[in-house]
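Trainee: Protein chains in written order, with numbering that gives the first Met the number 0: chain A, 0 to 211; chain B, 0 to 255.
What the hints contain is simulated information worked out from the structure, not anything from laboratory work. For glycine and all other residues, C-beta sits at the position ideal for the given N, C-alpha and C. One or more hints might be untrue.
[Said to hold, decoys possible] Among chain A residues calculated to face chain B with C-beta under 7 Å, some are: (1) 9; (2) 17; (3) 20; (4) 76; (5) 84; (6) 87; (7) 98; (8) 100.
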Amino acid sequence: MKHKKYGSTRRSTALKLLAGIALLLAFVSMTNMLGLLPVNALRQLEQTTGTGHTRVVCGYHDREAGVWIHLGENDRALLLSAAGLNLYGWWENGGCPKALSADGATMGYYTISSIKRQAKVYYVFGKVPGGCAGVDAVLREAGGMAPDLAMETPCFKTVDGDCYFLCRAAVAYDGNMENYPHYNPTVKALDAAGKVALDETLGDPAVFTSTG
Amino acid sequence: MEKADFLSALAVPMENASPRELAGVQTELGDHIADHAADLEAAGWSAADAEAAAVAAMGDPAEVGEALNREFSRFWGAVSRWAAIALILLIVAAFLPVCYSCVDAAQSLAWRINPQKPMARYFKGLDTTPLDIRCDGADGDVVRFAMEAMTTETLPDENGVETEWDAAVIGVCIYDKNPFRCIANYLDEQPVFLTDAPYTNGAERSGGGMSTAWTAIRIYRVPVHRGQKTVTAQYDLFGTYFTVEVPLYWGDGHEA
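With the hints as constraints, model all of the structure from the sequences given.
Mentor: Written out as structure tokens, the structure is:
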């Protein structure tokens with residue numbers, strides 16, 4: 000008896016639907032209309048800052064700040080993005096682009112203040128061309144009254160011979176600036192030969208501070 | 000066995016098929032039996048005998064039903080159902096962002112076609128000159144100098160003396176070549192105009208503007224020297240650099 004292949008119809012229906020989902024996902028992801036993944040925030044920020052496409056060096060979920068942090072790089076800039084979850088998915092919650100220095104190491108600084116989470120999180124990121132033996136970052140209280148706070152290093156990577164780092168530290172913050180000591184991140188990095196490649200205190204507060 | 004009995008018996012083992020699928024199978028096999036019976040009738044058989052023979056030719060309904068049932072995979076049925084639900088949810092979730100994107104893209108297209116129109120509100124009362132100087136900005140952006148007007152304002156200088164100051168009001172439209180992409184608007188400082196004319200007390204370099212993520216109109220009030228022929232605009236953003244001389248059309252006898 001010749002009959003229609005009902006099973007293949009069921010399978011082809013499923014495959015057509017799956018193909019439709021894949022196409023729609025690809026479309027909304029490539030156009031950044033929906034933030035399907037935290038890294039979409041980095042893609043959004045690439046466009047709005049003008050850095051152009053970056054390669055993700057590291058991604059890190061910061062529970063204290065409630066965001067995903069991504070560090071991207073290309074031959075022109077470093078880009079740190081913070082991704083928060085909202086109605087449209089993972090959306091950029093601020094970030095910091097930093098043009099690469101032509102003659103050496105590059106670093107940038109970004110903070111997220113969250114009254115809800117009672118925390119202010121400092122991020123310092125950078126690139127040391129030619130490799131790096133280590134990075135030591137601390138938060139230094141501007142008035143010199145409080146001891147230095149050590150920053151942890153969730154990302155320390157060597158890619159194509161260049162070293163990339165991301166350091167962070169969280170301090171208690173209730174939104175009241177009067178009670179809040181002003182911290183300046185200080186970073187010291189040694190190059191592959193053990194010489195100081197970077198020794199800098201970032202005195203200015205981050206321009207692109209976001210409040211989560 | 001009659002056709003209706005055959006089709007009922009066929010349905011018993013077909014537990015994997017949905018009611019709709021079962022109805023489809025029954026309709027198709029029913030049509031097949033009817034066609035066969037019609038052929039037999041045309042050959043001289045009686046209607047009752049023709050239908051009975053056509054039904055008998057189909058075989059045992061239980062066996063046929065079991066064979067057909069195996070064709071209806073539960074796995075692909077479940078995949079189908081969940082995929083349909085996922086697709087509907089995705090369409091619902093993407094609907095608003097897609098609408099917003101289309102609206103913004105339409106605005107980006109409208110502004111690039113006629114950038115002078117949205118700029119006009121910032122040039123009220125001024126004698127404007129349309130410009131069309133296009134430069135490539137960062138990451139696919141286009142920086143288009145689209146409109147200018149020269150103005151003279153009487154404002155106090157640093158000593159409080161009322162003085163006439165000349166300024167060029169220049170409208171710049173920024174958009175991405177791809178109307179669905181954002182422009183580099185995060186830093187909000189490009190391009191800049193280079194001038195050695197002194198700042199006035201009150202006449203600001205920035206004369207306002209408006210922007211969305213997809214496009215921006217920026218109005219610059221650039222202090223210039225009377226009779227100056229051009230003013231230099233500079234763009235420098237993450238390795239994309241250009242300078243362009245924007246001509247100044249005085250139009251009131253102040254040409255150098």
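Trainee: Using Cβ atoms only, decide whether residue 98 of chain A comes closer than 7 Å to chain B, and label the hint accordingly.
Mentor: This hint holds: residue 98 of chain A lies near chain B, its Cβ roughly 6 Å from the closest one there, short of 7 Å.
Trainee: Given residue 87 of chain A was flagged as interface, is its beta-carbon under 7 Å from a beta-carbon of chain B?
Mentor: holds (6 Å)
Trainee: Any CB of chain B closer than 7 Å to the CB of residue 84 of chain A?
Mentor: violated (13 Å)
Trainee: Return the status of the interface hint for residue 9 of chain A: holds when the least beta-carbon distance to chain B is below 7 Å, violated otherwise.
Mentor: holds (4 Å)
Trainee: Is the hint on residue 20 of chain A kept, meaning its closest Cβ partner in chain B is under 7 Å away?
Mentor: With Cβ-Cβ at 5 Å, under 7 Å, it holds.
Trainee: With a cut-off of 7 Å on the beta carbons, see whether residue 100 of chain A makes it to chain B.
Mentor: violated (12 Å)
Trainee: Taking the least C-beta to C-beta distance, is residue 17 of chain A closer than 7 Å to chain B?
Mentor: Hint holds; residue 17 of chain A Cβ to chain B Cβ min 5 Å, cut 7 Å.
Trainee: Holds or violated: the hint that residue 76 of chain A contacts chain B, with Cβ atoms closer than 7 Å.
Mentor: This interface hint holds because 5 Å falls under the 7 Å limit.
In this structure, the earlier hints numbered 5, 8 are contradicted, and the remaining ones agree with it.
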